[in-house]
Structures are given as structure tokens and as C-alpha cells.
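K.L.:
Those protein sequence lines, which keep their order, are chains A and B.
Under my numbering, residues 1 to 240 are what the first sequence spells out, in order.
Under my numbering, residues 1 to 455 are what the second sequence spells out, in order.
In case anyone wonders, no lab produced these hints; they're calculated from the structure.
There could be a bad hint or two in this list.
Just a few of them, taken from the derived set where beta-carbon distance is under 10 Å, the chain A residues facing chain B [to be verified]: (1) T46; (2) L48; (3) E55; (4) R77; (5) F87; (6) D102; (7) N114; (8) A115; (9) A116; (10) V218.
Each residue gets a CB set at the ideal place from its N, CA and C atoms; glycine is no exception.
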Amino acid sequence: MLKMNHLSKVYRTHLIETHALRDFSIHVRDGEFVAVTGPSGSGKTTFLNIAGLLEQFSGGEYFLDGVDVRGMNDSARSRLRNEKIGFIFQGFNLIPDLNLFDNVDVPLRYRGFNAAERKRRIEDALARVGLSARTRHYPSELSGGQQQRVAIARALAGSPKILLADEPTGNLDTQMARGVMQLLEELHAEGATILMVTHDPELAARAQRNVHVIDGQVVDIHAEPRMRGLGVVAAQAAHG
Amino acid sequence: MWSLHKLRTAENETTTMFGYYLKLGLKSLRRNPVLTALMVFGIGLGIAASMTSFTVFYLMGGDPIPWKSDRLHAVQVDNWDANEAFDDKGRLPDQMTYIDAKALMTAAKADRQAAMFKVALPIQPASEMDGRDVKPYLEIGRATYADFFAMFEPPFQYGGPWNAEQDANSARVTVITQETNEKLFGGADSVGRTVRFNNVEYTVVGVLAHWQPRVKFYDVTNGPLTDAEAAYLPFTTAIDLRLDSTGNNDCWKNADPGWEGFLASECIWTQFWVQLDSREKLAAYKSFLDAYVTEQKKQGRFPRPVATLLPDVNQWLALQEVVSRDVEIQVGLAFAFLAVCLVNTVGLLLAKFMRKSGEIGLRRALGASRRQLFLQHLVEAAVVGISGGLVGLALTAAGLIGVRALYAEYQHIAELDWTMVAVALLLAVLSAMLAGLFPTWRACQVQPAAQLKTQ
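This is chain B alone, in the form it adopts within the complex (with noise of 0.2 Å):
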């Protein structure tokens, strides 16, 4: 009981000083002005630099879809030339062949799978569209099936994906978002309305709100940073009336002519996507898979020995290597020059402190420990700290405006989060208190007879 009651005098105690230090730091960046102004922007600068190259890095890095990343897998098979393995790192194909996305499609041993591919969609609206004039304009959309829906979640505000009957019956369906909504039908509920793509009219089932994977995993090799699309239809449709894939397309041996001829060769332009509900679902797929493979090359296709990958978000975002190197040296860089800033910031500091022996060398004479200066001092490099922080924070605003200006394909992912500004304070605190480590120390070295007899 009474070890509680001292616990419980010992917590209040520490709080009460811990406001009294705050109080005093507070105080001493008034002291000196130009001091302060230089240490506070000196960190400021170096938050600043890191957080923006770090913010860039954090969120291309991140992953785009956490609560289900573990189970949505990338589809990868090794269809490549015998010769030449895909690309110089020895990397599977990133994409897949129109005969393994249809034949996996038909398979359908997944719990949800989906192939896709890019398409360019020039959208025609009606000539008067509920009283505006909108101008024909050319948009990207993709070509999938229904199941894209209920794997990567794009939240819906009117109505909702086509179904697999509609996929199997290449029905003239879409789903277009917010913004394609807000343009042709001034964002009011257009399920069941008609939009013409191409000289085609598809009946809209839904529509999405807004949604901007900040990185789109689902298809990084035609752009990971690129907007999201306009409107979806089902690859069955695209395949029927022959839309061409604006995205990549890589092929290792020449196609037969014509449209069926590209469609039967082994030429990789669709992107394919599975989800497996447990480690079990994901084994037994992958078996699967290296059977499917093994027959073909029976069949005389796949030349290269039996390889398969079914890498889930993350791993294929690091596989894919979205994260490039320049991006590393980059951050790498800037935490240098916020290592920079923090020598500069310990001098200061330590010009700072050591100006304010006399008041120290008085505090150990009133009855302070050295523990308790160092902790007085430590708290006031904090608060540099948290002013440098938020200088830095504002700079890092500006910085990210900056890099959206200049590139861009970062418009998603240079945008500052609450992680972002809590880590940039949390940063800004941990520096100035590391800087402040020897300068504290220095400054409760004072001897406080000889301050006193010198004041």
C-alpha cells in the first residue's frame, strides 16, 4: 500500500516536472531568436528532405490492399523461350498469354480469379447529355471479369458488378466510376442508363465511388503509378468485339496474322489474378498450376523446365521491384542530410546550453540533481524538436507539391497521411533529442561554484 502511494507521488511528481521543463523550453527558444530560428529551420530543413523522399517511398512501398494482400496472388508461368529466359534477372513473365488466362478462366479452381487486360476507350456521349454539351473523349478502361470486383474491393456508389453469367455471355455491361459518372450523367444514379464506348453502347450496372489504389498492383507493368481506369467491362465483351490491349505486350516468337492469330500465339498481354482463402487453397493451386504446365508441354508449348510463381501483393510489388532503386538512393540521401542538419543542430545546441551555465550551475546550487537538468534539457531539445517538426512538416507540403509538379505519375502516392505527420513530429523529436544527448551532457558537467562566482 504505501510502495503504491510513493509509486503514485513518484508519477505525479515526474509529471509535474515534465510540464515545468516544457515550460522552460518553451521559454528558452524566445531567449535567443536567431538561435533558435536557425536550429528550428536547421531540422526543419532535414525533416523536410527525408520525409519527402520518404513519403514517396513509404507510400509506393505500402501495401495497397492490407486487410486481404496475403490472399490475392499474382499468376505467373513460364511460357517463355528456351533460349532466353524472360529477362535478364531470370524473372518469370510478368504477364500471361490469352490461351493460359482463357484455359485458367474455364479452370476456375481458384476461390475468386480474374483475367484483365488495358483497353483504350474513346467515350461518346450523347450529343446532349441531360442538357450539356460533353465532347467525345478518349479514356482507359479494362477488360475483366466480375470477379475483379470482389477481389480488390473498389467500394460502389450506385448498383454494382456485372455476374459470371453476363461474363460468360460477353454482355454489353459496364461499370464506370465517379468521375466518368459525374461527366456523363452529372453524378446521378445511372445504373441501368446507357453509355457507347466505340460505337458500342453497354448498360451501365454500377458505378464506383471514388478509387485510387496509390500504387495499382494489379497490373504494374503498364504503369504502377498511372490513374485508375474509367470503366470496366468484361473481357469476354472486349474479346468479342476485338479490342486491342493498349497496354504491354511481349512476345517471343512472331504470331500468325489476323486477330485469332494473336490470340492463339504466345504473345503475354492479359494480366491474371487468383484468390486463395487459406495456405492450403494456395498449395493445392499451385499443384494445379505445374499440372496445367506440364500438359502444356506436352502439347509442345512451354520450352523452358516447369516454373510457376503465385506471389501475393506485397511479394509481387517487391518481385516487380515498383520500389526502384533510385527511390532508395534517393531516401538514402536525404537521410544523410538530415544527419547533416543534426551535426549542425548538436553546435547549436551546445552553443545554447553552454550560454546558459550560469542559470544551471543556480539550479544544481537551488537543489536540482543532475538528472534532473539533463532531463530539463533533454525536454528542450524536444521542443526544437517539435518546432523543427513542424516546420519541417509545412516544408515537406511544399516539397511534395514540388515532386507532384514535377512527375506526374507520383500524383497518388506524394501526398502526406496522419502516419506520414506522425512519423515526421515523432522523427523531428527523436533527432533533436539525439542531438541533444551531448550538449545535455556537457551542460549538467557544469560546476556550479565556479558559474555562481562568475555570474
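Here chain A stands alone, though its shape is the one from the complex (with noise of 0.2 Å):
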């Protein structure tokens, strides 16, 4: 589903170079849940960008869903983007100013499909999360929790490829986080592949497979066989 052979991140300026990422290989396979940790700065939100094929990267393979993304137009990339990748992000990153019926239907406009079938797919997707009532809602009249539930049904609208979440409950309390976690479960039990990037690792270790990243390295990875929807305290064991 997602392999990157080699790849390397090189942030220049005129007087230095950083090195984001160096000799980052990862191949995550359809219908896995796949966890990435490090500490600030390691370089794994870099990753999920280059991912997420919203950076380019300096050196190295990726290829997504069989796709050789190097050398891609801004068009392609975001074509894409929009027909493989489903992203949830920290923030929830609603439009304010639209209602939940809209917001859903953003990625949606942009691949093109007529009315009747955007139609049932935001009504679908809501339906997943459980806001099928609140289609006319505006995001400021949601919770948090129910925020980022509209993230993930717009992050589903387009049926993706892959989801990537980028510390998906990192705004929620503990509650709202439960149950967005627990809804991420259930659409890997469902078949989703999940690639999620978080510094929690009571979150990582409800994933299926951790990688460590560290100064831009993987540098360890953990396969995790586990129960799913049992997997918190199984992956606390293994982990120590």
C-alpha cells in the first residue's frame, strides 16, 4: 500500500542543511494499523507530509498504492491525494463557515463526482460516525469529539486507500479520545489501513505495528499481534 525505500528529507538554506529525514524505508501493507512515535522533532510529522504527498522529498523511492509519486505535476499529486488518501488531522481542520454536509463534501467536489453520488456518500459517511442527524449542523455547534468524528467522515467520504492521522485525538479529552480511538479500531476492523503518527504511546500501542523515528531514522519496529479492541493493555504488556 505505502512503501518508502531510502527516502530522504534535506531542508537547505543558504548557510546550513537539516537533515529531516535519512534513509527512511517503511512498506505498510493493506489493511494494517501502523503507529509512528518519536519525540519532537524526530522528523515523523515530516514523514507523514511526504506521505500525505503534501511535500516533496529530496531523495529515495515512494510509492503509493503501486504509484511512483517522484517527478509527479502539483495536479497529479493532488489527484492523487484526493483519490487515496483520507487525512484526519490533530486540529480537526473544519471549515467554519460550512455545515457538516459541506465539509464532507470537499474532497468529494474535487474528484469530481455528480450530485447524487456526493449526496450518498457525505450521508453515508456521517452515518459511520454516528452525525447523520446533524448534517445542517455548523462545526462550532459540535463538541470536540464530534469534530473530529466529521474529520474522520470526511477523511471516509472518498474511500481512500489509506487514512493518515496526524495525532488524531491530541485536541480531545480523554473521553472524546476514547471514543474517536475506539471508531479508528473499528474501521481497521473493518478493513481500513491506518497510518498514524502520535508521541501517546497508550494510542500506539492500540496500533497493530509501531515505528520508532528517531533524528529521521527508523529505528524500531514493533509487530504487535494483538486482540483488536483489546489492544491497549496487551500493547502496554509488550512494551513494558
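Put the complex together from the two separate chains, hints included.
P.N.:
Here it is as C-alpha cells:
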């Protein structure tokens, strides 16, 4: 599904070069739930941005669903991003003056679906996250947890190949975070491929596999076969 | 077949996305009401200033009779002083002597021809007109020939023009305007009835429907922006009744005393127009005119070198500088003001779009290409432009009311027509899109990754 080989990312100024990622290799398979962890500044956000085709990389290879993304122009990258990737952000990133229906509609508009198809997908996605009764509400009328559910619905509506989640519970209190995490686990159970960046070990433990990043390199990979939905205790135990 | 399908799909997609961008543009107007109001009002003000001036310029300089302006020609001959040209710009006289007007009418070498001059007409209604008490009043009339109506095509409500025989016989006949007919006969069909001008009775042969050329091109010397005449009577009748011209009268040497002396003088006070229906006829008439002047020179007239001109309507308006330099400068200044308003709009749009950086980054992340975002924001700028255009139109209408109130002579040219409404809206949209280019380009440079993290 997602394959990076010896990827590097260098930020250059006229004075210094900063290696955000170096010799970075990872392979996420169909249906996997992978957590990427690491301290602040380790390069995990850079990795997620490159994975999401939001940033270019300096060297190496990156295949998304079998497509080599090197040298793609902006339009092709945008189309690929729209078709293959669903984003879930820490800050939800809903558009405040669009109601829930229109927020979920955003990626579908760029896909070029007709009105009937968009409506069907939006209603299905909002129903999937339990918000079908609130399609005409605005984000400000919802709790943080509900807003993140809308963001998940938006990510799901286009039937992406992979969900990229960046600290998806970072702005939520414990109870809401639990609800959102449970939803992600359910989606994974239904077959979704999820790549989640987090610095929260408890959340990471609920993923199927952990990838630890330090100084722009993958330093450790834990494969943790676990029972879906009961992963917290098992993963914590495994990590000691 | 496949390509056609692909093309149609692309077209549908473009139309759908345009509708979506329009919806977003309208929503965006409501997002920052103060900023939006500043932009809309700024563009509106610029549009109003430019369109108020431009409307006057356009209507003043526009073709007043487009369907035949190239076939109607003013006739100019240079009968002026041997030592001094008619004016500082070396132009030929803008009017003609009675002698020449009469000679050219008699020669009748054009398809149609009409000499004319402006007369004052004291109108004396019967003491009791159809049960209404109408007091005598003074109007401006025009003494001309029957061909005037066929050449300039004023519309008739009742009856028609007098004929050539009545021209020849100095008949006491008249064509009155709708407004005069309203005053004298309450708007009824007055053909065959009698009106009294300056103690002489005339039979009404025709009543014009409302007719007000924007620019009275057939007599720019006596005020291109004045009202149309209240009544028309035969040129020969006016001469027979010794009606003085109340228009401009220029002489370069003294006339002999008395009415006959005035008619035989080198003073210019008539206007002369011909209709020539082909290039060949125009060339032939020019030759005839040159020959006429050459012949007159032999008789001791026309001391200057032979010079004749037959400008068509638009050439005539340009030659007589109906659109003055002042009006042109005013239009230039008004458009400069629009440019200032647009620079202001560039700044405001930039502020507006930069405040949306987060949303722009998000849309990029969700699959929008730079091109799509560029179009979205260009449409948003156009929405601001349309709003500004509507405000500008309202302000333009108010501005033109002001122009009419201040300058009575601009009554007929300070009016918005549909063309100018369309021009105003188009100008507003194009201006706003132009102003939106830089902010839109900047908006598309937003790095989504940076914005999404800072949301």
C-alpha cells in the first residue's frame, strides 16, 4: 500500500542543511494499522507530510498504492492525494462557515463526483460516524469529539486507500479521545489501512504495529499481533 | 467518440466546479462583512466615478444615427477671408452662406439635400384650445427642406413631412413635435389643424413621435446638446416671411443693409447636409462642389484656395470636437481613480485570502490542485467585483442625476443605457479579477503542511 525506500528529506538554507529524514524505509501493507512514534523533532510529521504528498522528498523512492510519486506535477499529486488518502488532523481542520454536509463534501468536489453520488457518500460517511442527524449543523455547534468524527467522515467519504492520522486525539479530552480511538479501531477492523503519527504511547499501543523514529530514521519496529479492540492492555504489556 | 465523451465530461466538471466556486465566493462575502464592505464599496466608488464620466463621453461621442451615418454628409466650402482662415485650427467654415445653400439646393445633385437654420418661434395658441387655456410661449424651431425628414428619419406619430412642391411654394405648413402637439392639441391627431407661429397660421402636416438625438449632429454650431426643435417649417417659407436666424451668424466682411443685403452677404448661418448613397456618388458630389467653388471664384467670391469637405456624421462630430478635451481628461482622471481603488482592493483581497491560509492548506490536502484553488479565488474576486459593480451602478445613477442637475445641457447624454450597465458590470468584474490576480497567486503558494499544523 505505502512503500518508502531509503527516503531522505533535506531542508536547505544558504547556511545550513537540515536532514529531517535520512535513509527512511517503511512498508505499510493493506489493512494494517501502523503507529509512528517518536519525540518532538524526530521527523515523524515530515514523514506524514511526505506520505500525504503534501511535501516533496529529496531522495529515495516512494510508492503509493503501487504508483511511483517521484516527479509528479502538482495536478497529478493532488489527484492522487484526493483518490488515495484520507487525512485526519489533530486540529480537526473543519471549515467553520460550511455545515457538516458541505465539510464532508470538500474532497468529493475535487474528485468530480456528480451530486447524487456525493450526497450518497456524505450521508453514508456521516452515518458511519454517528452524525447523520446533524448534517445541517455547523462545526461550532459540535463538541471536539464530534468535530473529529466529522473530520473522519470527511476522510472516509472518498473511500481512500489509506487514512493518515496526525495526533488524532491530541486536542480531545480523555473520554472523547477514547471514542475517536474506538472509531479508528472499528474502521481498521472493517479493513481500513491506517497510518497514525502520535507521541502518545498509550495510543500507539492500540495500533497493530509501531514504528519508532528518531533523528529522521526508523530505529525500531514492533509488530504486535493483538486482539482488535483489546489492544491497549496487550500493547502496554508488550512494551513493558 | 471517446475524446468527445471526455471533452463533455470535462465541460460538465468545469461547469459544476464553477457553480461550487460561486457558492464559496458568496459565502466568503459574508465571512468578513467589514472587509467585504470595504472592498465592495471601494470598487463601487471607482466604477461609479469612471462610469459617470465614461457615460457622458460615450453618449456624446457615440454614433447618433448608426444605420446611415456614413451616408449623411455635412457640406463645407471655404468662402472665408483671403488673409485669415475661418479658425485657428485651419478648419473650413462650419456653416454656409444663404447664397451657397440656395444654389446647392437648386442644383440638387445629391440623393437628398437639406439646408436649414435655427429660428425662434413664438407660438400663439388660440385663446381656448380644446377647452384648455394655453398661453403664448416661445420655442425654438427649424426651417428646413422636406428631405430633412427622409435624411434624419425622425419617427412620425401622425401624418408625415411636407413635400417638395410645398418647399417650392413656400407653403405655410409645419411638422410639430409630440410635446408641442401635447401642449396645443392635448396629444390628439392634429394633422390638418392650424397653429399660429408669430402671427402666421400654418397647417399641421405631421406630428413627430418623441425624438431627441443624443447629439444634435445636424447643427453642432448652435449647441450639440440642446433640445430638439419644437416645430419645423419650410426653409423657403421662413425666408419668405423674413424669419431671422436665431443661431450663430459669422461674417468676415460687412453685409449690405437690409434683408436682401443679409441674404446676399458672405455671412454664414445655414447648415447644409446631403445624403449620398454610394462612394461613387460621394466622389461625384465632391467634384461638383469643387467645380461650383471654382465657378464662384470666377465671379469674385471664394478668395481662398478651393477647399471643400464632405465629412460623414462621425467625421463631422470629431472635426467639430463635440467631445471636448475637458471631457476626455475627466474620463482619464476617473479611470485613474478606479486604478487607485483597485490597488486598495489588491491589499484588501490579499488580507482576506491570507486570513484563509488554513482553509487553503486544508483544501490542498483534500485534493485541490493549485489551478483549482486559483480559479476558486479568481471567482471569489469576481463575486466581489459583481457586488462592487452593482453598488457602482447605483452610485453611477446618482452621479448622473447630479450631472444633469449641474449641467442642463447634459440632459440627454447623462443617462445609463443597457450597454453602459453591461459595460459597468463587466468593468467591475474584470477590474476585481485583475486586482485579485496577485492575492490569488499568493494564496496558491500556501504550503499546506505548514498551515495544517498551525490550525
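K.L.:
Work down the list of hints and note, for each, if the structure agrees.
P.N.:
A quick look at each hint next to the structure:
{"no.": "1", "hint": "T46", "verdict": "holds, 8 Å"}
{"no.": "2", "hint": "L48", "verdict": "holds, 9 Å"}
{"no.": "3", "hint": "E55", "verdict": "holds, 5 Å"}
{"no.": "4", "hint": "R77", "verdict": "holds, 8 Å"}
{"no.": "5", "hint": "F87", "verdict": "holds, 5 Å"}
{"no.": "6", "hint": "D102", "verdict": "holds, 9 Å"}
{"no.": "7", "hint": "N114", "verdict": "holds, 8 Å"}
{"no.": "8", "hint": "A115", "verdict": "holds, 8 Å"}
{"no.": "9", "hint": "A116", "verdict": "violated, 12 Å"}
{"no.": "10", "hint": "V218", "verdict": "violated, 20 Å"}
The earlier numbered hints that this structure contradicts are 9, 10.
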